[in-house]
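Asker: Order-wise, the sequence lines are chains A and B.
Just so we're aligned, residue 1221 is where the first sequence starts under the numbering used here, counting upward by one.
Just so we're aligned, residue 1221 is where the second sequence starts under the numbering used here, counting upward by one.
Rather than coming from a laboratory, the hints here were simulated on the basis of the structure.
The structure presented is a predicted model; accordingly, all values stated were derived computationally and were not measured.
Mixed in with the good hints, there may be bad ones.
Listed next, with one range per pair, are the computed distances between beta-carbon atoms [as the list claims (entries may be wrong)]:
1) E1717/B with E1729/A: 54 to 62 Å
2) P1745/A with E1432/B: 42 to 50 Å
3) R1391/A with E1717/B: 52 to 60 Å
4) D1431/B with Q1715/A: 32 to 40 Å
5) S1743/A with R1389/B: 44 to 52 Å
6) L1388/A with A1333/B: 32 to 40 Å
7) L1451/B with S1743/A: 56 to 64 Å
8) R1391/A with R1391/B: 53 to 61 Å
Quick list of in silico lysine to any residue cross-link-like pairs, SDA-like style, CA-CA up to 20 Å [claimed, not checked]:
9) K1365/A with H1281/B
10) K1503/B with I1600/B
11) K1345/A with Q1322/A
12) K1300/A with I1600/B
13) K1371/B with S1250/A
Using N, Cα and C, we set each Cβ at its ideal position, and we do this for glycine too.
For reference, the chains in residue letters:
There are 2 protein chains.
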Amino acid sequence: MFTSGGSFDQSLPDRFTTTSLQDQHLACLSKTWLPTGGLAQADKEDGHSKLVRAGYLRQSHPGVFHMLPLGLRMQEKLEKLIDKHMLSVGASKVSLSSLSSQALWERTKRLEAYGPELFRLNDRKDAPLLLAPTHEEEITTLVAKLVTSYKNLPLRLYQIGRKYRDELRPRQGVLRSREFLMKDLYTFDASVDAALQSYEEVRAAYSRLFDELKIPYVVAEASSGDIGGDLSHEYHLPSSMGEDMVISCNSCSYVANEELAVAKPPSQDQSAAKARVWRGVSKDRTFLVNVWYPNVPGLSESDINTHAIKTVVPGLDSSMEDSIAFWTQDSTKESGSSQKVLKLVNVVDRRMSPTISESIKGGSHPQLLPVGSNLDVSSIKIETITSSEGGQPINALRIRDGDNCTHCESGKLKVEKAVELGHTFHLGTRYSKPLGANVQMRENVMAPMQMGCHGIGVSRIIGAVANHLADEKGLNWPRAIAPFEVVVIPGRGVQDEDAHEIYDQLVGEKQEVDVVLDDRAESFPWKMKDADTVGHPIIVLLGRKWLSDRICEVQCRRLKVKEDVAFDELPVYINNLLSQL
Amino acid sequence: MFTSGGSFDQSLPDRFTTTSLQDQHLACLSKTWLPTGGLAQADKEDGHSKLVRAGYLRQSHPGVFHMLPLGLRMQEKLEKLIDKHMLSVGASKVSLSSLSSQALWERTKRLEAYGPELFRLNDRKDAPLLLAPTHEEEITTLVAKLVTSYKNLPLRLYQIGRKYRDELRPRQGVLRSREFLMKDLYTFDASVDAALQSYEEVRAAYSRLFDELKIPYVVAEASSGDIGGDLSHEYHLPSSMGEDMVISCNSCSYVANEELAVAKPPSQDQSAAKARVWRGVSKDRTFLVNVWYPNVPGLSESDINTHAIKTVVPGLDSSMEDSIAFWTQDSTKESGSSQKVLKLVNVVDRRMSPTISESIKGGSHPQLLPVGSNLDVSSIKIETITSSEGGQPINALRIRDGDNCTHCESGKLKVEKAVELGHTFHLGTRYSKPLGANVQMRENVMAPMQMGCHGIGVSRIIGAVANHLADEKGLNWPRAIAPFEVVVIPGRGVQDEDAHEIYDQLVGEKQEVDVVLDDRAESFPWKMKDADTVGHPIIVLLGRKWLSDRICEVQCRRLKVKEDVAFDELPVYINNLLSQL
């Protein structure tokens, strides 16, 4: 049914996507609502503040945003870019409802797993609904009804729509918001092999898509978390504003996210004789967790790899900020009232000397209990973990810059902050099984479909790219999503006809360049400053040299270009710049 | 700032809206997901069932729908059509958040007014939110922040997005759903005159838009209800499936919706000597309402004009289905326990004879209380209304076919069911005042902006047009929104190259016709039936005559066309048909 790079044209013919000829011959900034420049620039302004100041969007409620015309135009370009690459893997576009039912999510056991991040509501008949944060349940139910034979597979369906997640701390504007736009693609195959083939095709399309955005990105091996499944990759934009960590090797191609990354274990002869302790509490508040790690300069609590600790202590609550106090108080109370058995779980990093390990196991180490605790060590049950289930010594510390790569001989690992822009998952039968999405394979043989899901954060790309490319003068955009590619700013004394002539010259006969004319009733310097703030990739100024010699000044901040260009040479010159953006 | 028919081009250049050349040269049905024909045709199938059966959409939850590729393609065409007409009145496109806050809606007193139709929810911090059913509050707040001077007006902003209304009885699919797509335009002006000018410009654009859809529509004077304001028109598609009533004159141009419509009062000499009673209860359950109307053949309870009754009895609850039983039981209980004063309100239609009016006023009419009531009339307070506040006699009956028009001498009124597709409101300062959306008019003089709002039901148009144009063979669509304009179906033995040649011939050099090739692995008769079900406006069949003489069969069900057409004549012939659709 599908051929890769297939030719079903889901996009509408031109007649439906452009306005009639008399309307489209000239795009002017005066004709749309651009409330820019209303805010003073702050000292350390992030991309989000710049987006607000330049008139792209506005916050309506905490973590919830209105898109203004400039932002919406950019968003639409990004959507069209995504459409193109989804079409290249033969995907069909749908639009699923935002309202979903809690009963449906109970069938996949995700109602509880998602917890307070789910926006829940009841309708007037008290039926429990939710605002979908993702659509595996809905699409699997839909496909289960409509697809019954392996002959209808492979099937690839995607949408670009609003998603809802009640973030505890929404921040940085559209980078982490509560109502946001996502592209989600779901693949359905008859066998694991076919599903993995789909997975690779989508990965290739993602690479082409991010290549076209011309932003640096890394593809990291990832864990699949609540979504389920067992093959997963994340697409990250390295950024100091990021909330994720990506680990990459400087020698081989190894890249992984923090949860999954591994480094070569430290050699035996570095065993540390002094210990520090990081303390945590179990989710059910019944035991204290001590993580023992070397007391050497440069190491601190923030180096503890809580993901690794959780693999040996599954009940650990790593999100409690004041865990010691809580446990001390709580357990003291508990022991008085209900005779609950107190327990201490020690996790000992592989770097610790055998002497220390022994004193921990034996209950004699002085740091076993928090300072100020009045508990009697001998009354507490002590458990000590020094190796994983597979018998590997514990590595309790996060990977740090300079750790050795396990995938090659000489590589050193680099750790950097990043923003996740996309994610691919092979889901297997995680959803098709509980939701009964089966196809007939042979006579009397039914099998659950093999699924994949593949997301791209549309709103988030806007926020991340804003952060990544902005400089002190304002925003900057890749050509692929800039609201306009070129702005023409006529100075004082320049005739309208001249501005229109430049406009037509730049747009070209094939209408390949997206040009806009700044015809607003503002001063020349104001418009130049505004063009920098908004981040038009290329600015064409018609100043005094235009009046005397028909020469424009072409500016491109990203390429550090400021050049006089004659009228006839404009198209070639501009196209050359655009090809680099 | 705006010129009517202005030229700011918000639509993206072709490069962003079409796929690369190698992808778009051929649109084939095999390349997208079209789960059609899965349901057997029912006897009395409505448009919604046809939409489901043809693969346009599917219900996900009661009153909530997923759009499938075919439906989404149509929806996108409709959106582009709306974009074009919004651009023609200089409107800028935005995209407002679906999440809104209850606190904001309290400021305009609409939180309570909307009642149970509002989907309400609390976030994890217990902040009360809602899913916006319309966006006056949000847009007014946004504009209040960003527009401060009359110099920035007029301002016209619109969006096309999802809206939420928790309908008591969602029905007929997307005709009355709980999550639906709407276009909403908001206008902001500095004076009433300017606002009325905006109102007229939008009305003209609406007429052009509905004209282009080529469906019959009526524009009715309307009441503005909860939205507020004092000038309002509704755009209706007459339809037996409609839930609204439109009254129009067969002689003059008078059209109004039922709430607002007036007919010439009946002449005096028709006064009826026999009475029937319609009974209702007050919202607070404290009084019974008797509406007295003539006991003549052809009149029934459904002829009672509850809108008219409410203007003289504001507390009437017209939605209670078994009002008599409720009041009888309720009041009986109440009178025992709390000594509440029982009250009876009589509304007497102008057609009743004076004798009857007197017996009602005097408490002697035998029908004053419901059959089976054990109450003593003499213990009940009786109030009788025979004229409106302005002194006009009461007309308790709905307008009926053949009533006399008040706007012309000879006209007779026609009453027909209709579906509301659009609505225009002049809002005045209904929202700008409470939300502080003021502009500076002169030095030290601020004034609230004069607003208008103008909706179009995007999902509803799809449902209404489906109902309106469907016949026993399947759906039918106007050219403007059909998923494709022409489908080419090659029969057995026809070479791929021939089908492609026909395709290219039809699309034309300017790509003016939206053609799709049915290249699916199904039989010729199956494809023809499917084409009728889906409702492609024009079907081009390549059968035996094609093989022998390069002659196609062109079918158009709406125009009752079935014609042999030679290859060379196809473009002219097809364009001629399309111009009528």
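Asker: Among all the numbered hints in the text so far, which are the ones the structure does not match?
Answerer: Of the numbered hints given earlier, those the structure breaks are 1, 5, 7, 8 and 12, listed in rising order.
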